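Single-letter residue listing:
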Amino acid sequence: MNPVLNAAVSILFDGLAYGMLLFIISVGLSITMGLMGFVNLAHGAFAMAGGYVTVSLMNLLGVPFLPALGGAFVIVAAVSMPIERLIYLPLYRAGELDQVLLSIGVVFMAIAGATFVWGSTPPSIRMPDFLTGQVDLGFKTFPAYRTFTIGVGMAMILALWLGFERTIIGAKIRAAVDNRAMAQAVGIDVDRLFVVTFALGSGLAAMGGGLAIEIVGLSPPFAIQYLVFFLIVVAVGGLGSIRGAFVAAIVLGIIDTAGKYLWPDGGAFFIYAAAVLLLLVKPWGLFGREQT
Amino acid sequence: MNAPDRSAPDPHGFLRGRERWRPVEALPWLIAIGAFFALPDYMILGTQVITMIIFALSLDLILGYAGIVSLGHAAYFGAGAYATGMLSAHLGWGEPISGLLFGGAVAGLVGFVSGWVLLRYHGLTLLMLTLATAIMLQELANVLEVWTGGFDGLLGMEFTPLFGLFENDLWGHAYYWYALAVLAICFLFARRLVHSAFGRTLVGIRENTRRMHAIGSPVHWRLVTVYTASATMAGLAGALFAEINAYVTLDVLSFARSGAVLIVLILGGTGRLYGAFVGATVYVILEDELAKASPEFWEFGVGLVLVLVVLFFRGGLLGGLDSAARRLKEARS
Amino acid sequence: MTPALEVRDLCRSFGALHVARNINLALAPGARQALIGPNGAGKTMLVNLITGALKPDSGAVFVRGEEITDLGQAARVKKGLARTYQINQLFRELTVLENIALSVAERRRRGANLLQPFSRNRETVDEAAQLIETLRLGDDMLKPIRELPYGRQRLVEIAITLGQRPEVLLLDEPAAGVPSTESHIILEALDALPDNIAILIIEHDMEVVFRFAEQVTVLVGGAVLVEGPPAAIAKDEGVRAVYLGEHEHG
Ligand SMILES: Nc1ncnc2c1ncn2[C@@H]1O[C@H](COP(=O)(O)OP(=O)(O)O)[C@@H](O)[C@H]1O
Ligand SMILES: [Mg+2]
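Read top to bottom, the protein sequences are chains Z, E and U.
Under my numbering, residue 292 is the last one in the first sequence; the count climbs by one each step, no gaps.
Under my numbering, residue 1333 is the last one in the second sequence; the count climbs by one each step, no gaps.
Under my numbering, residue 2250 is the last one in the third sequence; the count climbs by one each step, no gaps.
Since no wrong hints were added, every one of them can be taken at face value.
Derived, one-sided and incomplete: chain E residues facing chain U with beta-carbon distance under 10 Å:
# : residue
1 : 1017
2 : 1019
3 : 1192
4 : 1200
5 : 1214
Here are the simulated lysine-lysine pairs, DSS-like style, with alpha carbons at most 25 Å apart:
#  : chain 1 : residue 1 : chain 2 : residue 2
6  : E       : 1329      : U       : 2143
7  : U       : 2078      : U       : 2055
8  : Z       : 282       : U       : 2055
9  : Z       : 260       : Z       : 140
10 : U       : 2055      : U       : 2079
Because the hints were derived from the structure by calculation, they are not lab data.
These numbers come from a predicted model, not from an experiment.
Every residue, glycine too, gets a C-beta built ideally from N, C-alpha and C.
This is chain Z alone, in the form it adopts within the complex (with noise of 0.2 Å):
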């Protein structure tokens, strides 16, 4: 193959993969600000903890990579719920500088915890052989891994479209999101709605923080280092738009491969420069709806 050609399947495939994680990850935040206008800056600390749950499940008890996966979801969803009914709960509707506020609270005490109990260095846990090496699609090779990510990724966004949209308590969330007060008037019960999807977005953003162990690295200030990019996710996507979450995930995954493969300084400059004048331009992201 050309190699031009070559690098640029190599960086979009990459891309891909890594727009993948951000999609599993920031996908839950999207739709819990979307439904509650929560500003939660916490969403990264629920990921870090997924990361740190499968991490333990498998090194401590032997479980393998899949399940260990299935466990960081269930436990860290199970986790959310009282989390989200003693902290958050308080403060559905305070202003957005309290829920901030709480929320960073949340993850710097998220962060000291991780590094008390698991230390700092990054752990690093062994993958299935099915999962090493490459597989051969036909014209290309490409990293086991990243197609298995690849995969994840677009099983999750069938499972939500499904669940989204032919489900009735899907049809209750994006009733909700659409117009709380006008599903509340028809009889939604919204807040136990919210503990539904907090604990779905939470346990998603725990397997997308255990499927990133191996592409982007784990350790307790992953809770923070990458809350800006799921936040313009969630921003450039428009809130509560699950479609618009997938498409600026992608984008942004491929664009800040693409700038760490062509220009690895510059980057990131771009990435968040982009960010802004598209924020400037369309304010409610690409699928959102105007809040009034």
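Dock chains E and U with the ligands against chain Z, hints included.
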């Protein structure tokens, strides 16, 4: 109706009373001066406290009064620090006072331009834009390595003695007074500003932007004005930081710094100017004590305090003091 | 004579919902006009369109013959157009005095003054105190808004707008939420205004409409149904059917 009537409240007297200096307002300055004589070995820490007060005070102007929530106020601190630093490192201009003013002016300009654009937005969009602005500046500083020193930081600053007389000595004595003087000027300005008609209109915007439009207030310009003033003040703090350390890294623009100043102000109490004094003193001293001894403990503690403050003590330390005093008064009467 | 306020062919819709359909309206200087119509008729929307809080899809608004359709809200205020809100829009943490003085200060273009203490604006404060007197808010002058009962807040709402010394005044249900024992304060305050001010009042209480207005416009479904003197409106069959009918059903 202008005749003094004992039963009717007096509007002029009431408003004047608000603006009048109270004896207790001498306290921070007495403490600052007393600290110099009582704790001469801690003047470097003292200077850090003062720098943080100036920075937090600048945030109070936009957050506490005008209600602008910023997650990227370090942008202006950093702009001031780099401007002053580069002036010395590259152009060899090391006179500290003019360097400081230059840093403030550059930060003010950055604040004016970014504010003019950003302050058309509200809520989450504005929050994101402030955050992204600071990070964008940080990345820019990283890319422009030739001028900023990039990741390794900006070295090679040299500052001449203050007034040609006072060196930045090892104990930080001269710079303590320098910083205190800058704080005093910033504070006097801020105090004037919040008690002016302009300051009242800022509170009006914070309380009800819609109504401000409806009474003919040029809301955007008011916000841009206070944002510029605030950015200038943050830039002065940053410039001071650069002159004290003769070293600037990308950290001056970091999200951590934007977050820290927000925490400081919330801890002390917003919209009351003195919140910055209390918050910065408590935070910087505790950080100095705890962060080195046990960073996790410190970080966890900050997080926990933040959660507790937001859930239970929304006024911060000074707000708590206020309501305690009020309750005491009520209990007595 | 040039009308104080003129609205020409104003249209606005939200998707399929037309909140303003070809509205035409003219108020002469000194007019006392009422705007009535069932809930959801678009009365508040019309005020929003006139003051610039909402942009029309088409049509134009004039104040004293000058087109203001493209001006922002604040610029329209400077042309002499002021409004009150159906739901109070106050500065809750500020005192009654400051709420009103803020409005007066903005009108007198004091708001940009950064360094002079607010209390030095003696004329502004005197004028605010005068308004406080007019609306009988003296006892509450130094209390923050949030400590006032809703009815008293309502008076502040009106005082803030009067602080603009408007030439065209739009009142959106000024007496709604005011106890009947205090609603006369509002009417007296309005009676005390200079005669040359043009006033458009949205009001449900027909007694008030009869007492106050010389001309009544009936708005239904975003369109003007009929316009005329109160007596004629009261007799109008169409109005009875739509407006009074709806009132009986609640
Ligand atoms: N932001 C909005 N989007 C869509 N429809 C709206 C909006 N605001 C108000 N409406 C609708 O516009 C119509 C007119 O409302 P309004 O002017 O408040 O009525 P009135 O003041 O006559 O009672 C109502 O049907 C209301 O539901
Ligand atoms: Mg109405």
